[in-house]
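Colleague: Here the protein sequences line up with chains E and Y, keeping their order.
Numbering-wise (our numbering), the first sequence opens with residue 237 and increments by one.
Numbering-wise (our numbering), the second sequence opens with residue 3 and increments by one.
Do not take every clue at face value.
[To be verified] Restricting the straight-line Cα-Cα distance to at most 30 angstroms, the calculated cross-link-like pairs of lysine-lysine (DSS-like) are:
no. : chain 1 : residue 1 : chain 2 : residue 2
1   : E       : Lys-445   : Y       : Lys-290
2   : Y       : Lys-354   : Y       : Lys-532
3   : E       : Lys-659   : E       : Lys-488
4   : Y       : Lys-500   : E       : Lys-652
5   : Y       : Lys-618   : E       : Lys-659
6   : Y       : Lys-500   : Y       : Lys-482
7   : E       : Lys-438   : Y       : Lys-354
[Stated by the list, open to error] Which chain E residues stay away from chain Y? Per the calculated CB distances, all over 10 angstroms, these:
no. : residue
8   : Asp-249
9   : Arg-279
10  : Glu-356
11  : Arg-362
12  : Val-454
13  : Arg-540
14  : Asp-547
15  : Met-577
16  : Gln-642
17  : Gly-660
18  : Gly-664
19  : Tyr-686
20  : Glu-688
Treat the hints as calculated values from the structure; they're not laboratory data.
Every residue, glycine too, gets a C-beta built ideally from N, C-alpha and C.
Below, each chain spelled out in residue letters.
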Amino acid sequence: MNGSKARRFSEHDTIAAIITPPGEGGIAAVRVAGPDSRAILARHFKSNQPAENSPQPFLLRLGYFTTSKNEILDEVMAVFMPAGRSYTGLDQIEIFCHGGRQVVRRILEEILHDNIRAAEPGEFTRLAFESGRIDLSRAEAVAEMITAQTEVSFRASREHLLGRYSEHIELLRNELIDILSEVEASIDFTEDAPEVSADRTKLVALTDKLIARLGQLVDTYSGGRVITEGFTVVIGGRPNAGKSSLFNLLLKQERALVTPTPGTTRDYLVERIDLDGYTVNLIDTAGLRLGGGKIERAGQRLARDIITKADLLVWVVDLSKRNWQTLLADDVKSMSNTDIMLLGNKIDISKKTVLKSGIRQFDPIPASCVTGVGIKKFRAEIVQRIEKSMPDLTSGLVVTSLRHKQKLSESIRHLKAARTKIKGGVSGELVAFDLRAATGSLGEITGKVYTEQVLGRIFSKFCIGK
Amino acid sequence: MRNTDFDIVIIGGGHAGVEAALAAVRMGRTAAIVTMEAKRLALMSCNPAIGGIGKSQLVKEVDALGGLMGTAIDATGIQFRRLNLSRGPAVWSTRAQADRIKYNEFVVDFVARQMNLEVIEGLAGEITVEQGKVIGIRLEDGTFIGARAVVVATGTFLGGLIHIGEKQIPAGRIGEPAAYRLSDSFRSLQFELRRLKTGTPPRLDGRTIDWSRCAIQPGEEPIPFFSPRSSRQPFDQTPCHLTVTSEGTKEVILANSHRSPIFSGQITSRGPRYCPSIEDKFYRFADKPTHHIFLEPEGNGTDEVYPNGFSTALPEDVQREAIRTVIGLEEVVVTRPGYAVEYDYCPSHQIKPSLETKNVSGLFFAGQINGTSGYEEAAAQGIMAGINAALYCAGEPPFVLDRSEAYIGVMIDDIVTRSITEPYRMFTSRAEYRLALREDNARDRLSGHACRLGLITAEDHQLFNTLDAETKLQVGRLSKIRIKVSGLNGLSGRIKRKDSISLAELIRQPNIELHELIPILVKHADGTGKSTEPLERAAIQIRYQGYIDKQTREIVKFQKLEHEQIPINFNYADILGLKTESKEKLGRFRPVSIGQAGRIEGVTPSDLMVLSVYLKRHKESR
């Protein structure tokens, strides 16, 4: 974000969070509070009335939320509340989008990408207090509310901090303290214990190991997300391949969970279904046509974007087309995707019975959206894919909170910087600068790392004292 | 108002007591140091050295606040060098060997020449308090000395008990009585007292050491003095020596470790882990066959030598046998035995960041009574206690440094927010803003305060301002002057650019240490031929600027929380939503700000939120 690059120091960070409860709902909201809020609005909100693009306070406006690449994510309503008159007392915006965690989560992710920090539990309320927005006669009630709120999130995080997850996090924290204590010892105890001098090769190895472990944990986020937000299946294919037929068939057969306003945008449809107990967000990209004029090319970009972020792409192949293999070969080339599954539609009117696509290692599942042939197998295949993508739930090593993910990623970033410095032979106090930052980020999940813990480690490892 | 004999009475004439007294008189107060022997002021009870990593930063801060320690060691040091020169300048740390006797004489003489400062010989027995305010002290002989403020800097003398093997001697230092009645006085004033332990090695006769078997450690040239106010000329430095223990040492120590009071159960209090006794080292690091011993001269006029690393409480006969197993010490004569000493301290949740006690107004604690260890830590607290006692007398708000300003701030904040269970020593790793708290910029950070408080003269302040201006000039020049990379012989391989580079860019190269560059910088940038200090200061600033900028935002946030004040008598018990553990901790430490509350172990962000809500209501209802 420009604000931080320009080193505009403010006593407040800009923070963001989804403020509607998780689960189902027609509308979800994201709140952003802090000095960069307005910039976020300017960057991501395109009003329906272009003349209105500088926000009037408290005016709820209709428009689109766009990504940093200027692609439309959703039709949203947004409101700007200036400092002094908002709940938090800071510049604040709220964005209301169509329900469905998929969309709201993507909106939040876009915002967090711009160096905005995920709000801590209860942080908005705290800001409201500091700014005196909340009537003091209600202080006690609010204090209880904060406790309750943080207790809930504490319990929620506790829950997933139970057992092996908490042990694992503790392990990571210990490894970080280990690395830091080696570096700190090489600064503070050169005199007392001349044998202490950080072994760089060993430190790089330790740091690499930690980066890898943190990385693995970050990667479980998508799995953890499947639990909380559902598995996203995008249905794609050439025009008239039968995308919408498949979409509608699945909707009819499975239990639809909620009907968010259909056609959140003109371009694609999202529905949520329950598939053998798994929540699946089903996206039909029927409106996104391939080829064609300028507008459609913009549509293609959006399709590609949606596809990239999907957990699974179901590519519908029209088997009634004689050259389907050639077409498919072309299409596959342009898919950089994730997980792909091929559905060979219209088997009922196709002459072929044995399907060899000749591409990579996958062949389409023969099916017909008209007769329903093959759909059962297709369904089972999806469930299998979901289960494969799920983290090992028995291990409990899953990150489900975006805030945790952000902190873990931050920690990795600092560790990588430290690693470069260690390798380059940069002196200890600068290595420690990055390691301490990493400790700070990790500490926000694991609980603070106190200097005493680092010193304790040093004293137990090295014989300090002349 | 009752007549008082002095504005401020200081109990104890060690490194803390002396700095406290000097700061008080500099601020226009009358003061008296009460000590058992007037000629023993600022004695070095343990090793004959000042400074070291993390500690030298404290000395320079004390010096920037107009304190004595820096000039005293400059005048009486026999060897100076900077540690960590191969690391970055933020952790360069000066250390000097002192002539122990000369140092003590220098301080005695300096104190004698102060107006409004008396040294009274006597043993303090009681703190006299009326209506929660200190009104003076009573000596054990019954003499009452009236004062408006009292600073307690008793060191190891408060309830001191020396252990040498099975022998126990009530004493603060060997051959000097301890203060026991004073401990009772604290107890009756509802102070909680606990015990800590420290130790010292035997002293050796240098004439009986085989120096040829030891490695020599010379001083650094040019001599890195501590204080810019010193004017000592270069002199011939006295070297230190380094040796090691032998296999035999381990055998003797382990065979007799049951006779050490540390293992026999005779001593139960905790000693510093960073400064273990030799028996503790062999016990805890059993796989390490030998340990280094530094042989430090106690002065030029004495043959006594301090074997740093051989602190012990073993019986005298074992000490003698064990020390002779050390390489080069085979024939050595022990002049004084080593010992362990236990003493009383007041766990420092009982004091405010001003070092004033929470129980008694006008009563200040400094040094080992707060659970710290070391001359430098003591001096730093002493000067702060002296300043705050003087401000208290004037009815002015206290002077508190925060963690982003000074190591002094880090130390005092640490001790008032944390349970001290072992003697506290300063390390650079304790400072979260380490890159900004350096030896070279102590005056940048503190001169303004010192001048405002009347601790330094206008001339001293002017001197610093001149230096500061010259530094700024050099910062500009370093950015402008460009040199050819090819001319940098040994260094050019480590620089990516191949043509030319500005000196500032060169300084910022992370893989080149500043000490390697100083000669190059002097050659290309220093046109004055005078002191290279402005140039070095400028280079250090350039080196760290990017990092310090990154932390600026963090510091702003930190300071905001420091300014969210909590009344000292705030009642935590009735607050709904605080965890019981947090209530107990907060009630015990009674932090002065939300920031400080957050540093108390176990207090969570949710506790802080609840707390700030109640504070707001508290403020409103008043």
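Colleague: Sort out whether Y/Lys-532 lies within 30 angstroms of Y/Lys-354, counting only the CA atoms.
Modeller: Judged against 30 angstroms, a Cα distance of about 45 angstroms means the pair is violated.
Colleague: Could you let me know if the closest chain Y CB is still more than 10 angstroms away from the CB of E/Glu-688?
Modeller: The claim breaks: E/Glu-688 does not keep its Cβ more than 10 angstroms from every Cβ of chain Y (closest is about 7 angstroms).
Colleague: Measuring Cβ to Cβ, find out whether E/Asp-249 lies farther than 10 angstroms from everything in chain Y.
Modeller: Non-interface label on E/Asp-249 violated, nearest chain Y Cβ at 8 angstroms vs cutoff 10 angstroms.
Colleague: When you look at the beta carbon of E/Arg-362, is every beta carbon of chain Y farther off than 10 angstroms?
Modeller: 5 angstroms, violated
Colleague: Are the Cα positions of E/Lys-438 and Y/Lys-354 separated by 30 angstroms at most?
Modeller: 43 angstroms, violated
Colleague: Within 30 angstroms, alpha carbon to alpha carbon, are Y/Lys-500 and E/Lys-652?
Modeller: Holds: Y/Lys-500 and E/Lys-652 sit about 27 angstroms apart, inside 30 angstroms.
Colleague: Please settle this one: E/Gly-664 was flagged as non-interface, so is its CB more than 10 angstroms from every CB on chain Y?
Modeller: 6 angstroms, violated
Colleague: For E/Arg-279, which was marked as not at the interface, is the minimum beta-carbon distance to chain Y over 10 angstroms?
Modeller: 21 angstroms, holds
Colleague: Would you assess whether E/Gln-642, listed as outside the interface, keeps its beta-carbon beyond 10 angstroms of every beta-carbon in chain Y?
Modeller: 16 angstroms, holds
Colleague: Classify the label on E/Tyr-686 as holds or violated, using whether its beta-carbon is more than 10 angstroms from each beta-carbon of chain Y.
Modeller: E/Tyr-686 is in fact no farther than 10 angstroms from some Cβ atom of chain Y, at 6 angstroms.
Colleague: Given the hint that Y/Lys-500 pairs with Y/Lys-482, test it: the Cα-Cα distance must not exceed 30 angstroms.
Modeller: 18 angstroms, holds
Colleague: Checking one constraint from the list: CA of E/Lys-445 to CA of Y/Lys-290, max 30 angstroms. Satisfied?
Modeller: At roughly 28 angstroms apart (the allowed maximum being 30 angstroms), Y/Lys-290 and E/Lys-445 satisfy the hint.
Violated hints, in rising order: 2, 3, 5, 7, 8, 10, 11, 17, 18, 19, 20; the structure is consistent with all others.
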